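**Q** Listed below are the residues making up each chain.
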Amino acid sequence: MVALTPISRKPMSFVVPTVAAAGAVAGIFVGAAQGSSLLGLLVGAALLAVIAVIVMQDILPERMMKWIVTAGFAIAGFILAGLPALIIGALFGWFFGWFAYWLFEGRYRGKVAPYLTSGQVLWHFTFRVICGAIFVFLITPILVVMPLSFNAQDFFTFTQEMLRFDPAGYSLKHYRDFLTNPEWTNAVANSLRIAPVATLLSVSLGTLAAIGLSQSHVPGRRAIMAILISPMIVPLIISATGMYFFYAKIGIIGTYWGVVLAHTVLGIPFVIITVTATLVGFDNSLTRAAANMGAGPVKTFFKIQMPLILPGVISGGLFAFITSFDEVVVVIFIGSAKLQTLPWQMFTGLREQISPTILAAATILVGISIILLTIVEMLRRRSERLRGMSPA
Amino acid sequence: MTFTRTLLATSALVAVGGTAFADGHMASDMTLVSWGGAYQNSQQKAYVEPYIAMNEGVTAVWDESSAEAVAKLRAMNEAGNITWDLVDVVAADAIRLCDEGLAMEINPDEDLADAPDGTKASVDFGDLIVSDCFIPQIVYSTTMGYRTDLVGDTAPTSVCAVFDTEAYPGKRSLEKRPINNMEWALICDGVAKDDVYSVLETAEGQERALAKLDTIKDDVIWWSAGADTPQLLADGEVVMGSTYNGRFFSLIEEQKQPVAMLWDAQVFDLDGWIIPAGLPADRLARVKDFVKFATDTQRLADQSKYISYGPARLSSAPLVGKHADLGIDMAPHMPTDPANATNTFLYNYEFWADYRDDIDAKFQAWLAK
Amino acid sequence: MTSVPDTDAAGRVLSADGTPLKQSLNRALRRQKLRALALIAPLLIFVLVSFVAPILDMLFRSVENQLISDNLPQTVVILEDWDPNSGELPSEAVFEAFAGDLQIAISKKVHTRIGSRLNYEKPGISSLFRKAGRQVKKWDIPNDGPYKEKFADLNKGFADIEVWRTIKTYSGAYTNGYFLNSIDMQKGADGAEARPENEQIYITLFIRTLIMSLAITSLCILLGYPVAWILANLPSRTANLLMILVLLPFWTSLLVRTSAWKVMLQDQGVVNEVLVWIGLVADDSRLALINNQTGTIIAMTHILLPFMILPLYSVMQTISPTYLRAAKSLGATDWTAFWRVYFPQSIPGIGAGSILVFILSIGYYITPELVGGTKGVFISNRIAFHILSSLNWGLAAALGTILLVVVMALYWAYDKIVGIDNVKLG
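Residue numbers (the numbering used here), protein chains in the order written: chain A, 1 to 392; chain B, 393 to 761; chain C, 762 to 1187.
Some hints here could point you the wrong way.
Covered stretches of chain C, as calculated for chain B (at least 3 residues, CB under 8 angstroms) [unchecked claim]:
1) 882 to 893
2) 1149 to 1161
Covered by chain B, according to a simulated footprint, are these stretches of chain C (three or more residues, beta-carbon under 8 angstroms) [to be verified]:
3) 865 to 871
4) 1032 to 1042
Hints are computed from structural coordinates only; laboratory data are not their basis.
Model, not experiment: these values are computed from the prediction.
We put the beta carbon where it would ideally sit given N, CA and C, even for glycine.
This is chain A alone, in the form it adopts within the complex (with noise of 0.2 angstroms):
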């Protein structure tokens, strides 16, 4: 989808007055923060205006002149406000700088259908700034989390000298204490003990059911599905107290299996859910086909039906995963002090003494998991390219 409508510079009169009205609105609020909104509405209103038309007259290259409109808005930020307002003002330029060739060289029209009309071609963008704003609202707590792990101070506040950039107000203890106290070494250690063996737990005994539960009569599917749900569903805090007891009078309280058994059970409605899910769409004439061909059960299984429902398995695999790794309620119950987990450590340490090292602890995890996905991003698209399934 590279490329779909022949791009073609676009006139004065539409691209001075939409850069212009980006500024005005820019403008405004620098205006306010500076003490007068209307002032600051004319003067970057004026200002993209002015560079609009210098952009238009393509005097010079258009990497140098996004570089000089970069610089200039850098250097005006700081004079205005200092070093933060200096990396705003940069961010700033750069994205007028774009945001002009962008309009003037008919780029915006280039990966849009060429029968568009121009409203529509409005609404597109629109919508995708749209989107963009709710990934920002996803992502805003980690983008908090980071910077914060980096305080010197033991509390969870943006300080003076952090928001100055001062040096000082920048520190890795909280990374050194989490890496060197035995209380959150422990604590991962637990908690990768316990979530990967839940998981497989929950993914093997759900996969069985959900393929179970996918044929074509079973008595009483209804009230076994609800039965296999029911753990997602029963408010965490009643599932807790009622596992307490229970585990308590057969003996299994906190003990390595208890909650790994208690983890299992709140695992199994996401691998149930997604299985069945996968499962709706599979046409059941491949198995009896395998089957007519002479497999048994078991080699049909693994070769026809598990390729065809890995996905479901994986993501199912995944939720559970998660569920166990990031589950503090029942754990705080089940679970005995020798086996204090990853979020049942932040929770007291949330509770006891806030301290930023469980802010690094979350910095760590989420590196932890861009770089996973990541890996996994890119060994898909391997694969993909070694099959020739992309065109890239």
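Starting from the known structure of chain A, fit chains B and C onto it as the hints suggest.
**A** For chains B and C alone, kept in the frame of chain A given last:
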């Protein structure tokens, strides 16, 4: 000198204690329940580490569940499976646990070490043994602190500033339970300190306290964890708030935040150990041995090197020294220091043991309104 | 090749091995059923034992009430003959039996628990029992009566008919008292009656929980739909990269995300600071975004959004874009094409996401506890409070049972309308 003597005395006591249980085998694992944070750290440094150094092969695991100790002990008791060996609780919880038979009764003179000068433990701890099951460790105060930069020119001098939203506008943080708040409300509503509990005993008195709290209800952020108020003060999210004096100490002296604390109508309270009822003999033997060591005169004095809570033994007071890292004299930061204690409000354990259920129900209903 | 007759003497169709076809089919069906059940059985048994049994065990506490009949056995029996509406205190025999029972209860250390139990129904009884406990153990029963006067001297509470009425009302081994309590009612002189107004909180809380969960679910649909759409319609390369943005918060601990929202939303937090800095909000009228319902809704929408996006995305992926193009080429406007062609096909995804988000949010407890203040908390917070602090496990169980019934009803309705098979997660 004192230290060596105490050490010798304790080792002798440990030896005696050891022979007392000579026929019973002592378990080598202990699960200790405490509050986490700096407080647990002070316990770890002052008595757990020395104890483990003296008794090779013994391990101690911490469980930071003191806040839910009563609920969990009751459940453990019901299930007949006690997994904890020693539990750190506040005095009121200890009374409750003792009343319900969930904690073991102890005999101070037999189970606890004498003072170095031979004073019996029951005398050395004195009135602080508020329940037959309670082994006091420290005295602490719940008090009010404020942001020095947010209170204007006249810094508050009285706890009643918390009710004065005109002079000190902004949010304040109070604990999400009736204890302490009800007393302060009555004091600031004009009740004399000595009459507080007799007023609070009546339904009208309870209404009156709640009505006083009602005047600031919209300005209050309710905290339930010890770390909340320090965080809120550090953020400038609240102008003033209540928490334990040890938390204020670390906020002011260790974290250097612009915060000051009041020593006015601070509520004097106790924290200590209880031994859960129904421990098997070998674990009980180990715990008794540990407790005797951990609550002797020197150990309790050592604890004050790490946190600004006063030792519960009279004989420990002269041994209180300097902070382990900061090197400041700890005595002036103790709730027991005479200069700090002039305006102390004496907390009535018996009253709260009796009325906790009643007032809690009313307070929670009021809160949810 | 032997030829097998197609029909037998009675004209029934036969299968290849000579058995009647119907019978053979039935057998095959039965075998199929058994095989399906055999596949399900391990998990079913596992869930029944390790989850359903504990829950039932817990919920059973909502009607259990043996504490009083077990520990005040004689009092309860004699008290049966007393009529609370007579306006007179029970007879001396009751008081004497009570003194005896209480002494045993004190030695077993259960008297404070009886007091706490009765205190749930009539505040004040807990202190009565505790105070009595310190004196009654010294009495010489039955020699130093009369006990009616002795108790009245001990505390005038024992001369209060209402106290005795409460003991009598809750003397059965089972009670509906906890359930009445959870709908703001109590057992009064003439059966069930409403609680005093200043003690009514549960109905409000249930309604608030439902409304806020609905708000969270709607917000999740509103925010999740565009994101799922764009993920499903972008080239898979870009979509997969953006998917990481959806999954990342999912991989971040719930506790950390909640604390991050605290940092964002508080009065001196990032959002307010930025708004003040750009001048949209005056410094002295900062927005109250936390410790109220707004805080709970924002934080929980964020936390539950992936649960909406993933099922929506998986449904939208299966909707072919050709339908939309076809609609447009037939003259539909963008909106009509979307609303009449695309949207109906995405409803299963909305349904699955909504039910998931709604059910998860209705039972949430940690996030509202941390950011909800007093007005933004759910019924689960109350359940947790009764389990961990007030130790009123019976009431917690009753509240939990009601919550569970509501959720089950929703689940059932959903299953009827959309079908549980249509729930997809990623």
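**Q** If a hint holds in the structure, say so; if it does not, say that too.
**A** For each hint, the structure was consulted:
no.: 1; hint: 882 to 893; verdict: holds (count 6)
no.: 2; hint: 1149 to 1161; verdict: holds (count 4)
no.: 3; hint: 865 to 871; verdict: holds (count 3)
no.: 4; hint: 1032 to 1042; verdict: violated (count 0)
Checked against the numbered hints listed earlier, the structure breaks hint 4 alone; every other hint is satisfied.
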